[in-house]
Amino acid sequence: MELIGVILGLVVKSVIFVIGMFLLAAYLTLVERKFAGHIQQRPGPLHVGFHGLLQPIADALKVITKEDLVPDFVDKLLFYMASLLAFVPAIMILAVIPFGEKITLFGYELKPYITDLNVGLILALALGSISIYGVIFAGWASNSKYPMIGGLRKAAVLIGYEVALGFALVGPIMMAGSFSLREIVEAQQGFFGAFIWYQPIAFIVFLFAILAETGRTPFDVQEAEAELVSGYNTEYSGMKFGLFPLAEWYIATFVLSAIAVILFFGGWNGPHIFGPFSSYIWFLLKLGIVFMFLLWVHWTLPRYRVDQITELAWKVMLPLTFINIFLTAFIVVIKG
Amino acid sequence: MVGEGYLGLVVFGIVSVVIGVALLIVNRLLAPRIPDPMEGYPYECGVPLYDKSSWLSIDQKYYLLGLLLVLFDLEAAFVFPWAVVYKEIAKINAGFIFTEMFLFLTILIVGYIYAWKKGALKWQ
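Note that the protein sequences, when read in sequence, are chains A and B.
End of the first sequence = 335 in numbering that gives the first Met the number 0, gap-free, step of one.
End of the second sequence = 123 in numbering that gives the first Met the number 0, gap-free, step of one.
Do not rely on the hints blindly, as some may be mistaken.
To be verified - Only pairs whose alpha carbons sit at most 27 Å apart, straight line, appear in this in silico DSSO-like list of lysine-lysine: (1) B:K51 - B:K121; (2) B:K117 - A:K334; (3) A:K75 - A:K33; (4) A:K314 - B:K116; (5) A:K61 - A:K75; (6) A:K314 - B:K117; (7) B:K121 - A:K314; (8) B:K116 - A:K334; (9) B:K60 - A:K144; (10) A:K65 - A:K33; (11) A:K75 - A:K65; (12) A:K12 - A:K75; (13) B:K51 - A:K144; (14) B:K116 - A:K144; (15) A:K65 - A:K12; (16) B:K90 - A:K314.
Stated by the list, open to error - On the chain B side, residues computed to face chain A include the following (Cβ under 10 Å): (17) G19; (18) L23; (19) S52; (20) K86; (21) L102; (22) I106; (23) L107; (24) Y113; (25) K116.
It should be emphasised that the hints constitute simulated quantities derived from the structure, not laboratory data.
Beta carbons are placed, not taken as given, at the ideal position from N, Cα and C, and that holds for glycine.
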């Protein structure tokens, strides 16, 4: 009986988290479009609602009422599975992200995360990589030339950034002595306790990896709308299509910025100036800044070529992470 | 309870799969279906396709990089446990844990330099 109660509680909490993430991702599309618009000196969405505030809802309605096309020559199972495979792992990273401290409200103890696993960071890394397979499968299953090229390019990018990402995370792990995201945050107390002061190299490599993993502009070779029509999702339509940008550009970028905040910017630590919700506000504030920084990079820089990306990853980023591991080993010994 | 944390993860995974599938099904139910003779045709420039399938053997240029990825990711998996206990053991015997791992990393880096010199990191 007790187990059923626990599971029921978890289901309710999970539904709240998933739906919340959906609504947030929908509105992140508006944030991105407005931001991109103003970067390019145009107003962005303007007509649906006040300054485009209802635009995400209109987009959602449109994408869900579009004809569900399946081209003739596709591998049907993989074709449908690919959009789920991109979406589910990306949103599952959310389960291990702590958004703040535990708070007690009306006698209930609320935990702002689904679970706190002692392998949280490894899990996030693994799920992030699995979600890339969704893109590669989509490219292959479409059985059309442009998606195929897009999928293969994404595979090449994956081969590039994956190793550098793995070794870059070693630095923060050494400083904190744990994989649990909650314990990593608790290891960074005070303004100068944040790992960014000790791990600038790891942060640069991590930033590179986020941009490559979420397919944002310097590394968006899998879409490359000037070359590949729309890349891996050319043959997709309706909600099958909708899940891809939602997962890659919004959910994955959001959760990976959250992980960047946790690893390098001290998570929810900050002065208690906002009352009981102080930790949440600090976390979301930092998260927002990192997210906007990624958008800024996306809408400013030109695109790399795919061979340049792999060479950058293997010849610049990987040696940097080795240097970082050496430096961190000394820093940890000196700091005690 | 042992494994309670993983229960949460499994439940969350199931919920997100269910919501994802539900979205696809809702799309299927709501969307109009207007058949068109050419709608199942792959996206191309508009002329009939020369070959209908794109599942051909393609000469992809990163075979060696793929092999190196498998190797180096495995090595990263060996480095992670060391990184977790480093802080604790460095308090007791810093020299021991430092040299032990850096012997391993040195061998790794020698292999990396070898691969670089052989041209495996180049886009072939």
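So, going through the hints one by one against the coordinates:
no.: 1; hint: B:K51 - B:K121; in the structure: violated (33 Å)
no.: 2; hint: B:K117 - A:K334; in the structure: violated (40 Å)
no.: 3; hint: A:K75 - A:K33; in the structure: violated (36 Å)
no.: 4; hint: A:K314 - B:K116; in the structure: holds (11 Å)
no.: 5; hint: A:K61 - A:K75; in the structure: holds (23 Å)
no.: 6; hint: A:K314 - B:K117; in the structure: holds (13 Å)
no.: 7; hint: B:K121 - A:K314; in the structure: holds (9 Å)
no.: 8; hint: B:K116 - A:K334; in the structure: violated (37 Å)
no.: 9; hint: B:K60 - A:K144; in the structure: holds (17 Å)
no.: 10; hint: A:K65 - A:K33; in the structure: holds (24 Å)
no.: 11; hint: A:K75 - A:K65; in the structure: holds (18 Å)
no.: 12; hint: A:K12 - A:K75; in the structure: violated (33 Å)
no.: 13; hint: B:K51 - A:K144; in the structure: holds (10 Å)
no.: 14; hint: B:K116 - A:K144; in the structure: violated (35 Å)
no.: 15; hint: A:K65 - A:K12; in the structure: violated (31 Å)
no.: 16; hint: B:K90 - A:K314; in the structure: violated (34 Å)
no.: 17; hint: G19; in the structure: holds (5 Å)
no.: 18; hint: L23; in the structure: holds (5 Å)
no.: 19; hint: S52; in the structure: holds (6 Å)
no.: 20; hint: K86; in the structure: holds (4 Å)
no.: 21; hint: L102; in the structure: violated (13 Å)
no.: 22; hint: I106; in the structure: violated (12 Å)
no.: 23; hint: L107; in the structure: holds (8 Å)
no.: 24; hint: Y113; in the structure: violated (13 Å)
no.: 25; hint: K116; in the structure: violated (12 Å)
The structure fails hints 1, 2, 3, 8, 12, 14, 15, 16, 21, 22, 24 and 25 (numbered hints given earlier, in ascending order).
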